[in-house]
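Number of protein chains: 2
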Amino acid sequence: MKESLDFIYKQQKELSTLGGIGALLGWDQMTYMPPKGAMERSEQSALISKLSHEKVISDNFWNHVQTLSNPDIFSNISNKDKSVVKRLEKDLEKARKIPSDFVERMSKTTTLAYQSWEDARKKNDFKVFSPSLEKIINLEKEYADYISLPGPKYNSLLDDYEEGMTVDKLRQEFSYLKSNLIDLLNNIKSTKTYEGQENLNVRFDESTQRNLCKMVVEKMLLTQESSRLDVSTHPFTTTMGNDDVRITTSFERPSPLFSFFSTIHEAGHGLYEQGMPRDEFKDTVISDSPSLGLHESQSRFWENQIARSKAFWNYFYPVFKDNASQQFSNIDFDAWFREINLVKPSLIRVEADELTYCLHVILRFEIEADLMDDKIGVNELPDVWNSKMNEMLGVTPQSDVEGVLQDMHWSGGSFGYFPTYAIGTIYASQLFNKLIEQNNNVFNEIERAEFGNILNWLRENIHRHGRLMTADEIIKNTCGEGLNSRIFVNYLKDKYYVLYDV
Amino acid sequence: MKESLDFIYKQQKELSTLGGIGALLGWDQMTYMPPKGAMERSEQSALISKLSHEKVISDNFWNHVQTLSNPDIFSNISNKDKSVVKRLEKDLEKARKIPSDFVERMSKTTTLAYQSWEDARKKNDFKVFSPSLEKIINLEKEYADYISLPGPKYNSLLDDYEEGMTVDKLRQEFSYLKSNLIDLLNNIKSTKTYEGQENLNVRFDESTQRNLCKMVVEKMLLTQESSRLDVSTHPFTTTMGNDDVRITTSFERPSPLFSFFSTIHEAGHGLYEQGMPRDEFKDTVISDSPSLGLHESQSRFWENQIARSKAFWNYFYPVFKDNASQQFSNIDFDAWFREINLVKPSLIRVEADELTYCLHVILRFEIEADLMDDKIGVNELPDVWNSKMNEMLGVTPQSDVEGVLQDMHWSGGSFGYFPTYAIGTIYASQLFNKLIEQNNNVFNEIERAEFGNILNWLRENIHRHGRLMTADEIIKNTCGEGLNSRIFVNYLKDKYYVLYDV
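Each protein sequence line maps, in turn, to chains L and S.
Throughout the first sequence, residue numbering follows my numbering, covering 880 to 1381 in sequence.
Throughout the second sequence, residue numbering follows my numbering, covering 880 to 1381 in sequence.
With the rest of the complex left out, here is chain L (with noise of 0.2 Å):
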């Protein structure tokens, strides 16, 4: 038995260490690595994915796993090593599914498929890209077929993502969700406002928009002594460690408000993977979040909830003007946080305003279902897009780039991702709801821009949990009832009916 535990936590720790060197290898290239490092890199990568896949499913660690868990020994283990122990006998499991040689492919073909994409995206011609997406649908079937979950194959790909997410479940929620959606847009779309509209052109600099980054990330208190910020094309948040954590954004658009709301939402999921279990847990598979959506609802929450609201820009609206003081010489407050909150139906998801983004992410999830059940073929992925974007968002792209060729996920064989977009989404209303429930002086301190308690309240709620529960047991705890979009639409009625005077 004290083999047995010795054996399974250094491993773990192991595990730990190789998947900080791996986020660091990441996150140099994609920040600073020069152009010519890449090809080198792609072996340092593949090489310490390979060292942590052995190790996970290793018959050695299996066996301990496995020692640990008949009944006669399990009784007799602590409580944290009972929790470590479920929890690694089901990750193992499903882990030693996957034939090796699968994986290979699966990475052969993904590789491919990533640059048929980047080339199909050159020559905006979605046919380019199909031939390697088809194969990676098969994959995705095939993956599917290893882990099977009862229901459709589907099933099996949400479940990587979101445990115990089913598309019947999915089917429901975002149903209601698209529905009101749609309502909800039809409605200001007819207002006066709505059609009078029109961007501000603010433009800041760099350095400008760099500090003011630094000073919002700071005040979110993710401090600079165990996390970094940095620039790449695409904003990330990584974490090498549970005191360095790195998030990136970019600087490129002229206006701040790119950088500035995608700083503060890498930064939500940074100080959540600073709030892991850190005592008895550490570098343990506990000590990590149970689903990508509950993960994005700690990145959503600050994005929306907090930094698109009324209290936050009494705050940062009094900054930003004294940042850029001419070109808010005729933008008084409510013109700004109009700005902030502008509905604009737009063809790219990751562009789309609150109000219209789960649309987006339910026309993506739409399509992945169907083409899991072959009721659609990728060629008929350019119309299919384009026809659904017209029904839930009355635009329709002129291009494949515009259209069916915006993200990378599919070329990474990462179907089943897109709904954690919109489940944490809904989360994080459902979280900032109980909140206010519980803390009527919430408005006062982000008027104030202090976010201690606010930090504390998901410290205890959502973070200090890590993979002890799952999603859905932890929103459960806290809120009372799992993923329910009902919240989230009232919250954007109640925001977007007043701004739009509906």
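No lab work stands behind these hints, which were simulated from the structure alone.
So the derived label-pair ranges between C-beta atoms look like this: (1) L:V1081 to S:D1213: 48 to 58 Å; (2) L:M1348 to S:D980: 41 to 51 Å; (3) S:K892 to L:G1291: 24 to 34 Å; (4) S:A974 to L:E882: 26 to 36 Å; (5) L:M1287 to S:E1159: 33 to 43 Å; (6) S:K976 to L:K929: 25 to 35 Å; (7) S:D980 to L:R1338: 39 to 49 Å.
By construction, the Cβ of each residue, glycine as well, lies at the ideal position given by its N, Cα and C atoms.
The hints should help you fit chain S onto chain L, whose structure is shown.
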């Protein structure tokens, strides 16, 4: 045979990949890592070291190399394979002499010793460091016993940094160099020019310093596509791959000279790294430098022979002037060239001028040799240091920090490392002398900052050989003789007797 060849190349490839990963972990630690990331980083670096070490000393590896070394088989493999097998056999035989428990003891002792060295520096008290140093010296002796080359123990340490180098050879070489440098220095010190000299007080802001450094690196043809220049407390060069070499400098000093010359120095190392054999010998034990002395020759060559020459400043003096014209209003070319080559005996090695630098190194060599021979004890070090400083340089440290505590090398167990700084400096002079013999246009090229031919000459004569020969063989091959200070001394005389009107 086929199986053994496949195995040894795969093993070397993985070692090379692990080497690149370890380099990134170290680079990031010194440049961008948030301070609190240190603990987890040390675990990440230790894991990569452990994985590499296990590969190097694995019996499997050794057995395959032995199989290939068997004369019947050896005679049937290609010349390339022969070179690799011969080199590997030497390397592995040496590595396998060291017990794993020793590696662990050394690693633990140096980690603690580094802390006590830092602590001693803070307290400006050698006695805080001496117990750790005592332990390290004992471990160095134990190491020497495992390697057990003929002659004094110190031979077995020198060999790690400069294969084939011995205490006897160095004593002879350094005794000639030392007496000549002291004579030279005394002659200079007795001139009126020396008496009246003072430092110019030129100050460049960080961004000007950075621009000048980036410019000189590009001129040296270390391009942005395959390298980076970043900032760290102590400048260094590290290599993630043939096409990903990173150098650092520091802009903390107000004068631009430290950052400019240290950048050129590190870029010289970087060019060597990029010039290593790539084609058939890529990712083999051959694609590396045969010695630290030869590596240092490449940095010194650019730093001293090129960048401290009149020709070089014909190009760069106007560039510097353009960047700070006010400060240069009363500094003409001659005054600036004297500033670049100011001889000024000082206490700190890393700030020493070209002429006195090697005296700092010889001092350390003499001390290390005597420590290994038990001719002096650790507690005598501060006194021995100070009296040697006085004897060689005519200056006396007023504190341990200015004296015996100034270098981190001993705390890391790097006995035998220091001499390579002087060896490289001497080699650099020999190489430059041969270059100007073979290309009488060199100074014209330097005057135009056109370094392509010079770099090609280094690529052809030094870089492309990797470890196919020892450093001594490579130098003999190119210069017609091995290590010889005569040319270096003459170079110094020619240059400094003019500058100081001796």
